[in-house]
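In order, the protein sequences belong to chains H and G.
For the record, in the first sequence the residue sitting at position 241 is 241 according to our numbering, with numbers rising by one throughout.
Take any residue in the second sequence, count from 1 to its spot, add 480: that is its number in our numbering.
No lab work stands behind these hints: they were computed from the structure.
Predicted, not measured: the structure shown is a model, and the values here were computed from it.
Treat the hints loosely; a few may be bogus.
Below, a list of computed lysine to any residue pairs in the SDA-like style, where the Cα atoms sit at most 25 Å apart [to be verified]:
id	chain 1	residue 1	chain 2	residue 2
1	H	164	H	178
2	G	630	H	415
3	G	630	H	296
4	G	623	H	359
5	G	630	H	358
6	G	630	H	422
7	G	630	H	411
If you want a taste of the chain H side facing chain G, the calculated C-beta under 10 Å gives, among others [to be verified]:
id	residue
8	322
9	326
10	365
11	370
12	380
13	410
14	422
15	425
16	429
Derived, one-sided and incomplete: chain G residues facing chain H with beta-carbon distance under 7 Å [what the hints assert, rightly or not]:
id	residue
17	607
18	625
19	632
20	637
21	650
Glycine included, every Cβ here is placed at the ideal spot set by N, Cα and C.
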Amino acid sequence: MTQQLLIPFGNADWAAVAPLTIVALSALVVILADLTLPRALRRPAGIGIGIAGLAVAGIVAFGGWGHPYSAFGGGFVRGGFAIVFEEIVVVAAIFSLLLGYTLGRDDQAGGAIALMLWSASGAMLMAGASNLMTIFLGLELLSLALYCLCAVEPRAGGREAALKYLILSSTASAFLLFGLALLFGATGSVALSALAGPNISSALFDAGCGLFLVGLCFKLSLVPFHVWTPDVYEGAPLPVTAFMSVVTKAGTLAVLARFAFAIAPLPEAQALLTPLWIVAAISMIVGNVAALAQTDIKRLLAYSGIAQLGYIVAALAGTSAQGLRYAIFYLGAYMFMNLGAFAVVGLLSRPGVEGSDLRSFAGLGYRRPLLAAAMTFFLLSLAGLPPTAGFTGKLLILAIDVGSGYVWLAALLVIGTAISAYAYFKIVRTMYARTTGAQIQRPLAPASALPWIGVAVCAIATLILGLYPLAPSDVLPLVK
Amino acid sequence: MIWALVLVPLVAGLLLYALPRSAEMTAKWLGVAISFAAFAVAAFGHAAPDETVRWLQRPFVANFHVGWSGPGYWIVLLLTLTTGCALMVARLPRTRDFVAQMLVLLGAMTGVFVARDLLLFALFWDLMLIPVFIVLVAWSPAKSSATAWKYLIYNLSGGLALLLATAAFGILTGSTDVFGGGAPPGALSNAASFWIFAGFAIAFAIKTPVWPFHTWAPDTYADLPAPMAAVVGAVQSKAGLYGFLVIGAGLLRGPMQQAATLAVVLGLISLLYGGFAALADDDPKRVVAYSSLSHLGLIVLAIFSFDPIAYGGALVYIVAHGLFSAGLFMTIGEVELREDTRLISRLGGLAARNPRLAGGLTIVSLAALGLPGLCGFAGEILILTGLYHAGLTWAALIALVPVVLAAAYMLRLFQGMMHGPEVDDLPEREDMSPLEILALAPLVIAIVLLGVDPGPVTVQVSTFAEGFHLQASAPPNEAARTNLVVGRTP
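Model the full structure from these sequences, guided by the hints.
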């Protein structure tokens with residue numbers, strides 16, 4: 001009996017989780033540094049250690065390239081498309097940390113950075129999670145840290161955002177957990193691979209799938225499970241918003257993709273998944289329509305993110321390997337253009353005041369032409385205009401949807417994009433319009449020049465992903 | 481070399497922002513130099529081979545493939561010439577930024593007309609919206625930017641329809657690099673090719689514009705500063721016609737023929753509506769916009785007649801309309817700079833004070849109303865002959881009405897601004913400077929040359945048309961007949 005309780009895992013299993021372990025451990029180092037270093041050094045040290053840890057994790061994760069391995073008895077997958085999601089989480093977390101100069105007071109910075117790293121390691125766990133237990137473990141690790149991060153600044157909307165996020169997200173987790181329990185009941189196994197087994201179809205199974213998908217849609221903030229998103233994005237500090245907008249989505253999307261592909265062989269898979277595509281279609285339209293009226297960039301990007309996630313999920317319709325590649329491609333593109341826009345907002349911020357109000361963009365085209373040009377470029381990409389990654393990504397999704405017979409999704413995507421143009425070009429107009437002279441604020445020194453790195457890298461990546469002669473299929477390994 | 485025509489203006493436009501804000505003259509002459517250099521390179525580089533760089537392999541093949549087509553060549557010449565001329569006389573605040581946007585527009589539009597891959601075409605098609613939007617927002621006289629929104633939403637909707645159609649074309653045929661020996665379009669089913677054509681047609685009809693998609697155009701032309709109005713009015717509107725000619729007639733003949741009756745009717749409505757609206761408007765820029773609607777409606781008729789003579793006429797008229805509408809926008813801009821207004825009702829008797837300006841406006845408006853010997857006539861007569869030849873006699877007869885209307889509204893515009901009693905409270909300013917004459921001269925020379933001998937342009941289109949088997953059903957002596965009409969010996 002005691003023999004069986006010994007841990008039966010070898011080095012390969014531990015190597016599989018090495019990247020996320022490194023990220024989690026570097027969070028501990030950040031906290032130690034925070035305890036020992038003088039106050040002025042704590043924040044730079046925290047950001048430095050965090051970025052270094054993430055970078056090392058990224059390199060280690062890349063080592064799994066071409067060596068797929070199912071670790072912990074099928075609980076966690078190393079290699080395959082998990083790597084791409086891990087890298088996306090790592091890069092997004094690094095960009096968020098570059099904005100970290102505006103995060104909380106100096107004595108809170110260490111803790112906040114550590115929480116962000118733990119949250120990132122949760123997302124990385126989700127990226128490779130291949131049984132119901134690890135999925136939930138990753139999701140909770142990701143979310144619990146975020147609840148605290150939302151409230152890290154004593155701002156008016158901060159507590160409200162945190163509380164709203166906590167309550168709604170916990171409800172969604174409960175749905176998801178109940179769904180997992182039902183799925184376990186129906187299949188007798190926690191492994192995702194058991195979902196498509198023979199003779200498991202039952203009302204229990206269908207209900208489990210439904211509840212599970214509801215939970216995931218909430219985390220992806222797809223309509224109608226999106227109402228928390230704008231308030232939480234607006235209330236949370238800028239780096240946290242930037243982090244949430246990509247990292248949570250990447251982790252959840254990995255789970256969604258794995259789940260969708262796991263049940264795809266079932267005869268009733270179409271019936272089970274069609275609501276998901278409909279939800280994606282509604283998100284494209286509702287997200288973009290709601291974005292039209294926003295005057296706060298964070299809220300605008302929240303609604304825009306709802307629509308963008310709709311596009312990404314639409315790429316999965318038809319559950320083809322090619323579609324997954326394009327979903328991942330678009331997620332990568334979304335990461336760069338979205339975080340680039342957040343970095344621009346970061347450069348317009350100073351301690352205590354975030355530059356997310358639309359008015360802080362007035363006349364930017366004349367005050368800071370380079371920054372305005374970069375913001376225009378990111379907005380073009382979000383709107384799907386050339387020569388950007390957003391254009392190519394959208395084209396690929398349109399092509400795969402038409403190719404797999406989901407022409408209605410492609411048509412709705414086009415309509416949603418047309419609507420979204422007003423929301424994004426409203427910012428372009430504010431930056432370049434001549435008549436807003438009275439509202440122009442004095443040029444402010446940004447809290448830090450660090451976000452410039454984010455702006456530059458994101459702009460170059462957005463351009464290259466859009467034009468470089470590299471088919472996504474050349475780089476992205478197949479689904480397994 | 482062809483890529484340089486696209487990339488040099490684009491990159492130079494962005495780099496202009498690195499100049500100090502006060503270097504307005506440097507920026508302006510740099511812009512002029514780049515435009516005319518592009519003109520020279522294009523004019524002498526006619527035989528340049530296609531250039532291809534790999535882009536996508538999956539889900540379909542797409543390449544960065546540029547090269548010359550018959551219509552594309554002439555429109556790029558028109559584009560570079562009008563951009564250079566318009567920039568020479570650009571006088572407006574923040575010149576550096578304006579020149580930068582003009583150069584970006586030049587690069588993007590050159591890309592549209594040299595792209596030989598559908599996806600690349602769609603890329604440049606969307607790209608050329610952006611500088612116009614920014615200029616409308618930053619230099620528009622109105623506060624609300626309503627014009628900018630109208631322009632953007634109309635044209636972007638078209639652009640997205642185009643993108644969807646391109647994606648569908650690519651995924652269904654396996655390649656969008658169709659002009660370089662890619663997949664034959666025959667691989668499409670009838671229904672698919674119909675819907676794909678519908679997507680393209682929406683984009684082209686909005687851009688041209690064709691009634692009822694035209695409402696953005698008069699506002700846009702009226703609000704754009706004169707130099708950019710000249711380029712957008714002269715060349716950007718041609719992108720739609722170019723699309724019908726090259727993509728529609730070249731790739732999707734079947735559905736295009738199905739839609740011919742509808743298109744001919746819409747073209748006729750545009751012709752008449754534009755003509756009558758131009759008679760009534762007080763703003764000469766809007767008059768030119770409505771006259772464009774009318775003139776370009778005639779070209780739509782020509783394209784949907786599938787007649788080789790009309791095709792020759794269509795290309796001649798595309799270039800001709802570009803030349804005289806650019807000239808009109810520029811001279812109207814000169815008047816506005818001098819008198820601080822451009823409304824016909826507020827102006828009068830300018831000819832006595834500014835005879836050289838009146839002379840310039842005379843030539844371009846005569847070309848616009850189709851005086852024989854100038855370029856407008858050459859295009860009109862070829863198109864009308866072609867329509868008759870194609871059996872569309874009724875359409876040709878209706879199309880004669882706006883030709884008469886053109887004389888009425890152009891003379892009304894000229895008379896209202898230049899003749900009649902002098903208006904006393906208008907500021908008295910210098911006549912055209914030598915520089916302004918120099919800027920208008922290339923357009924006037926081209927107007928006369930094309931009017932006297934449109935042959936080179938029609939020959940271009942007939943070789944181009946043969947390339948797409950346009951004449952498959954026509955009698956074998958068709959090319960000879962085309963030459964007969966334009967007065968050339970074969």
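Here's how the hints hold up against the structure:
1. A C-alpha spacing of about 21 Å is found between residue 164 of chain H and residue 178 of chain H, which places the hinted pair at or below 25 Å, so the restraint holds.
2. Between residue 630 of chain G and residue 415 of chain H the CA atoms are separated by roughly 16 Å; this keeps the pair inside 25 Å, and the hint holds.
3. About 23 Å separates the Cα atoms of residue 630 of chain G and residue 296 of chain H, which keeps this hinted pair within 25 Å; it holds.
4. Under the criterion of a C-alpha separation no larger than 25 Å, the hint pairing residue 623 of chain G with residue 359 of chain H is consistent with the structure, at around 16 Å.
5. A threshold of 25 Å between alpha carbons decides the hint, and for residue 630 of chain G with residue 358 of chain H the separation of about 22 Å falls inside it, so the pair holds.
6. Proposed proximity of residue 630 of chain G and residue 422 of chain H is supported: the alpha carbons are some 10 Å apart, at most 25 Å.
7. Only pairs whose Cα atoms come within 25 Å are accepted, and residue 630 of chain G paired with residue 411 of chain H is accepted, the gap being roughly 22 Å.
8. Interface hint status for residue 322 of chain H: upheld, as the beta-carbon distance to the closest one in chain G is roughly 6 Å, under 10 Å.
9. Because the smallest distance between the Cβ of residue 326 of chain H and any Cβ of chain G comes to about 8 Å, under 10 Å, the interface hint for this residue holds.
10. Given the 10 Å rule on beta carbons, the hint for residue 365 of chain H holds: about 7 Å separates it from the nearest Cβ of chain G.
11. Interface restraint check: residue 370 of chain H against chain G, minimum CB-CB distance 7 Å, threshold 10 Å, status holds.
12. Checking residue 380 of chain H against chain G: minimum C-beta separation of about 7 Å stays under 10 Å; hint holds.
13. A distance limit of 10 Å between C-beta atoms decides the matter here; for residue 410 of chain H the minimum to chain G is near 6 Å, and the interface restraint holds.
14. Taken as an interface hint, residue 422 of chain H checks out: its beta carbon lies about 7 Å from the nearest beta carbon of chain G, inside 10 Å.
15. Annotation: interface hint on residue 425 of chain H holds; nearest CB of chain G at approximately 6 Å, less than 10 Å.
16. Taken as an interface hint, residue 429 of chain H checks out: its beta carbon lies about 5 Å from the nearest beta carbon of chain G, inside 10 Å.
17. Given the 7 Å rule on beta carbons, the hint for residue 607 of chain G holds: about 5 Å separates it from the nearest Cβ of chain H.
18. Hint status for residue 625 of chain G relative to chain H: holds, with the closest Cβ pair at about 6 Å, below 7 Å.
19. A cut of 7 Å between beta carbons decides the hint on residue 632 of chain G: the least distance to chain H is about 6 Å, and the hint holds.
20. Residue-level restraint check for residue 637 of chain G holds (minimum Cβ-Cβ distance to chain H is 5 Å; threshold 7 Å).
21. For residue 650 of chain G, the suggested interface contact is upheld, since its CB lies about 6 Å from the closest CB of chain H, less than 7 Å.
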